[in-house]
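Please construct the entire structure, taking both the sequences and the accompanying hints into account.
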Amino acid sequence: MKFRWDQRVPPEWQHPKPPPVWVYLVLFLVIEGVCLAYTVTTWPAGKPVGSPEFMRSALTVPLTFWLTICAALYSTFYDGLAFEAAVRNAARWHLLVRWQRLSRAGMAVLDSVILTPEADLAERMLKLEGSPPENPGKVMLLGGVDATHVASRVSSLLETLLTPLAARLAEAARSNSFEIVMQCDRQEWSTDVKAVWECLKLPGRPRVRWIDNDRNVNFAENWFTDKSDSPFASSVMSRPVRESASRDIRRETAAGVARSARRNALQLSARHDGPHGM
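Going by this note's numbering, the residue at position 223 of the sequence shown is 302; the numbering climbs one at a time, nothing skipped.
These aren't lab readings, by the way, just hints derived from the structure by calculation.
It is possible that part of the hints are untrue.
Here are the computed distance ranges between Cβ atoms for each label pair [stated by the list, open to error]:
1. Arg83 / Ala161: 28 to 34 Å
2. Val166 / Trp101: 25 to 31 Å
3. Ala246 / Trp172: 35 to 41 Å
4. Thr120 / Trp92: 44 to 50 Å
5. Arg83 / Leu142: 55 to 61 Å
6. Val88 / Leu115: 52 to 58 Å
7. Met134 / Ala161: 34 to 40 Å
Keep in mind the model is a prediction, meaning the values are calculated, not measured.
Beta carbons: idealized from backbone N, C-alpha and C, even for Gly.
Structure below.
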């Protein structure tokens with residue numbers, strides 16, 4: 080079933096009020112008065128009034144008839160309508176809960192950073208059409224990452240990627256539950272994320288996990304399951320192509336921030352490309 084943002088929600092049914100007590104009292108007086116008058120006028124002369132037949136005709140029969148009328152009145156004007164209102168309101172509540180759950184299950188891109196050696200690669204990656212967007216400081220060339228050593232280049236690259244996103248990261252890190260997943264070929268590079276985090280003076284200390292490049296890139300879907308205990312998550316992915324044992328060629332393309340409305344998850348993704356000397 081296709082999700083609709085403009086879901087039509089029926090109005091809530093108002094629960095009816097039961098008939099007031101004075102209605103039952105008036106009915107009792109009317110029924111009892113009619114039965115008592117009929118019994119007195121039709122009672123045989125000389126027959127004692129204290130007989131069981133008189134009590135049955137004057138009290139038992141009208142009382143039974145009054146209870147039957149009250150039950151029918153209560154069921155017609157309150158019980159049936161209240162049950163229908165409860166059923167319809169329960170269906171309305173389930174519709175609202177399902178709509179809220181589906182509306183919070185998606186992700187919306189909040190921010191992005193591009194590192195690319197090609198001028199139009201960012202537009203092609205984001206599948207943008209028409210005039211290119213003007214995002215000063217968010218589209219940068221690899222030539223701006225100035226470092227020679229592999230370790231320092233990784234740190235410079237991470238700092239270049241995270242600096243434009245510092246405001247978003249600081250907002251998410253206030254929850255003290257921020258998880259970063261580093262997908263690259265070297266586990267020790269995950270420690271560079273913490274160093275850059277402290278260098279940018281971002282609040283808190285995020286949990287950093289390392290994942291090798293053999294994993295499926297859709298691993299971030301695990302963050303949006305109900306079993307996830309981290310409301311914020313970030314991923315930094317580095318996908319290498321080895322040319323030789325002593326030289327790596329990397330493709331540095333993009334970094335972006337996405338937020339899940341359901342889990343309030345923050346995703347930062349990056350893949351990079353550029354020669355590194357060893």
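*Falls inside 35 to 41 Å, the C-beta gap from Ala246 to Trp172?*
holds (38 Å)
*Falls inside 25 to 31 Å, the C-beta gap from Val166 to Trp101?*
holds (30 Å)
_Given the hint of 28 to 34 Å, is the C-beta distance from Arg83 to Ala161 inside that range or not?_
holds (31 Å)
*With respect to the beta-carbon atoms only, verify the hint that Met134 and Ala161 lie 34 to 40 Å apart.*
With a Cβ separation near 37 Å, Met134 and Ala161 satisfy 34 to 40 Å, so the hint holds.
*Between Val88 and Leu115, does the C-beta distance stay in 52 to 58 Å?*
holds (55 Å)
_Range first: 44 to 50 Å. Now tell me if the beta carbons of Thr120 and Trp92 are that far apart._
holds (49 Å)
*Starting from the hint 55 to 61 Å, judge whether the C-beta atoms of Arg83 and Leu142 obey it.*
holds (57 Å)
When held up to the earlier numbered hints, the structure conflicts with none and fits them all.
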